[in-house]
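2 protein chains.
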Amino acid sequence: MAGIIEPRVLKGFRDFLPTQESQRKGIETILVRTFESFGFVPIDTPIIEYTEVLLGKGGGDTDKQIYRFRDHGDRDVALRYDLTVPFARFMAAHAAELYTPFKRYHIAKVFRGENTQRGRYREFTQCDFDIVGADSASADFEILETLYRSFLALDVSGISIHLSHRGVLNQLLAGMEAGGRSAEILRIVDKLAKIGAAEVRSLLEQIVGAEHAGLILEFIQPEQDFESTLSKMVRLSGGESDGSRRLSEILLMVRELGIESSFVLDPSITRGLDYYTGIVYEAFLSELPDIGAVGAGGRYDNLASLYTKLELPGVGCSIGLDRLTAALEELGRVPAADPGVQVLVLRLDDDLVPYYHALAGRVRAAGFSCEVYPERKKLAAQFAFGDKKSARVAVICGENERAGGTVGIKDLATRQSYDGLTIEAAIEQIGRIL
Amino acid sequence: MAGIIEPRVLKGFRDFLPTQESQRKGIETILVRTFESFGFVPIDTPIIEYTEVLLGKGGGDTDKQIYRFRDHGDRDVALRYDLTVPFARFMAAHAAELYTPFKRYHIAKVFRGENTQRGRYREFTQCDFDIVGADSASADFEILETLYRSFLALDVSGISIHLSHRGVLNQLLAGMEAGGRSAEILRIVDKLAKIGAAEVRSLLEQIVGAEHAGLILEFIQPEQDFESTLSKMVRLSGGESDGSRRLSEILLMVRELGIESSFVLDPSITRGLDYYTGIVYEAFLSELPDIGAVGAGGRYDNLASLYTKLELPGVGCSIGLDRLTAALEELGRVPAADPGVQVLVLRLDDDLVPYYHALAGRVRAAGFSCEVYPERKKLAAQFAFGDKKSARVAVICGENERAGGTVGIKDLATRQSYDGLTIEAAIEQIGRIL
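Chain order of the listed sequences is A and B. With the first letter of the first sequence counted as 1, position 363 gets the number 363 in our numbering; the numbers rise by one all the way through. With the first letter of the second sequence counted as 1, position 256 gets the number 256 in our numbering; the numbers rise by one all the way through.
Chain A with its partners taken away, still in its complex shape (with noise of 0.2 Å):
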């Protein structure tokens, strides 16, 4: 005989047992009910697609990440490693059968090999809706909203949504004569949380010296609101520009909702990702602080140049699920889950068990759910069975009820019986229970 096979799963990989299963499940309802209240709709795309098609544009880290092989066929194929390429070369296919704007959702898993440290896994899912076709503030603000009362429908009010706008950097830093190193720069900039302000004064000054590091670091430094930030930033900039213009509507826009204090003008906010030209925006919990940013995302000029000459700007944000929650799980918010059934009709007799199938069809048709316990067991091991599916009601049937055409019921919770119910009034019953 062969020896037993170890029933382990890959570093960076996880099973969801049913309560994690039905809490997962439960987030993304809340998600997707948020999403499809501002109009978004959803689509789904391959997990497999060619790696051309995926890393077209691909940077250094992506291209070592990415599941990448060959298939039956001897095609070089590759797992998504994100949504927003799928979804760019989505857009490029599928652009004769939609229509502009174009708002879509998409909640899936992605994969990156890369360290399993600090609660990272190679395989987690995301939760990404953008706006393609149009550009303009409504539409950014749009995104930040639905970011924004998305947190809001999950029970958490702490949310802070840092943001800011590349191109306000970008002229500063083409004041300085630094534009060609600017994605170096964005990078150093992106790591002022995890490195300090010393750290990255010095990565600069080794790239455009020291009067102009320090301008740099004064730039990224918010002021005490919105505004005041936005003033500085227009003033060390050399004047408004398109992205200072677009944070001051932006601004109208959550005034006009009463939500300001939700949003940290922050001009130390890059993305270190290459693709964004616009706005850009990480989202912190007030009350985790420490956990990194729960959603993300920004502008992007044109999503899908690599696949058409079509223009498509779009604006967009990813939720990480598994993050997300296990912020919630920290935080006591997360979605009441206790996957079961409500009512267990219990094995009595034998004889009985077509009878106790077609009881269970009734309370089932009443709108409970209900499951027939499926062995002869002693009743003990019954109601362990009910504890452990969370039910609520026990159906008890001997060979008196059935010829009675009566049934009992037994609150599981309270251990108060019902006895000699008609059918009828054991199903108004339960009703009562539940």
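The reader is advised that the hints may include incorrect statements.
Only part of the chain B face toward chain A is listed, based on derived beta-carbon distances under 8 Å [unchecked claim]:
| # | residue |
| --- | --- |
| 1 | Glu21 |
| 2 | Glu49 |
| 3 | Glu256 |
In the SDA-like style, the derived pairs of lysine to any residue whose C-alpha atoms are separated by at most 25 Å in a straight line are [as the list claims (entries may be wrong)]:
| # | chain 1 | residue 1 | chain 2 | residue 2 |
| --- | --- | --- | --- | --- |
| 4 | B | Lys109 | B | Glu177 |
| 5 | A | Lys25 | B | Lys388 |
| 6 | A | Lys109 | B | Leu152 |
Covered by chain B, according to a simulated footprint, are these stretches of chain A (three or more residues, beta-carbon under 8 Å) [to be verified]:
| # | stretch |
| --- | --- |
| 7 | 134-142 |
| 8 | 178-189 |
| 9 | 282-294 |
| 10 | 316-329 |
| 11 | 401-413 |
Simulated from the structure, these hints should not be mistaken for lab results. Just so it is clear, CB atoms sit at the ideal spot from N, CA and C, and this is done for glycine as well.
Please build the complex by placing chain B on the supplied structure of chain A, with the hints as guidance.
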């Protein structure tokens, strides 16, 4: 400038546009509701696993079809090709945290690099539900009834579940001393619908001779009803057995529930795969017999024996979402799905954009989905967009309305307009329209 990358997907893979994706989600929701009404609980497992775990018991076909590669740590890994093997590994890994009988469902994508002819996909979605840790007619029946009710819930009434029991056929084969070649014989019998009786006879004759081939063909022919087929099976196989008794018990249950007409005892059903040991069944739609089985499964003695010494008898079912969706499309029974938005706030005046977003928030707070048209465009373009998104109501607000605290709304179906409404009155009117 680099050339354009063709935005193609791999053969056997598909994008889902919003309407398709909404329809699929609608079908999934109905299945989930049915599964949960029977007390099944959700789980999830990784898409990538150790190849050793997935192929432990692998047959030749699976080996060839599996997507297999070396990951970044040079581990031999593969994508799951069904949801049963990962479930077996899951049960072995989590036995201590779970309870039995354990009833799980799992709706997820699986991957097989097989021939894509005849509407088969390489990435497809399975909807599985199983009961593990109980070996009884009651558990078998609950799986069958869940399958049957799933189709009723999908508004498909003409469902026919063809059922048999591996043990009875095996007893027949043992009697003719062909037990050693039973796997081969089961596979031939399984092809009856595909290759016809003459071809099956000829293949069987090469293995067991003409007389026994004739006996097998007589055995696998259904009689006019469940009971007479069962009598014949018992007679030809040499008397009652655990298998025939199990079928009798199931007959009592389908009769008790008044659903006998949807269950066909069909001894030609064997299910090709080796691991079934008890009942086996396939579900067909009376209106679409040619589409093949839309759900199938059976009982296995010991689900997780590769990974644990715990005994875990089980019975399960798998519904293929892709074929099911195709069938529902052909029958015109796909759940209605028109993803879009209910209410569109038109953009008449750029200065009012913040106010439009506040209005949209009021509409959403009243429970309706709502979005603001995000760009400065002519009204005709905005109405065309509303049409694409199936918006039913437009909200119209210029400077005068804003100053007066009113809005106009337009029913986009009837073309009727309602002007000068307070915002509360407008929301009430929207409620009447929707």
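Verification of the hints:
no., hint, result
1, Glu21, "4 Å, holds"
2, Glu49, "7 Å, holds"
3, Glu256, "4 Å, holds"
4, Lys109/B / Glu177/B, "42 Å, violated"
5, Lys25/A / Lys388/B, "29 Å, violated"
6, Lys109/A / Leu152/B, "31 Å, violated"
7, 134-142, "holds (count 8)"
8, 178-189, "violated (count 0)"
9, 282-294, "violated (count 0)"
10, 316-329, "violated (count 0)"
11, 401-413, "violated (count 0)"
Against the hints set out earlier in the document, violations occur for numbers 4, 5, 6, 8, 9, 10, 11.
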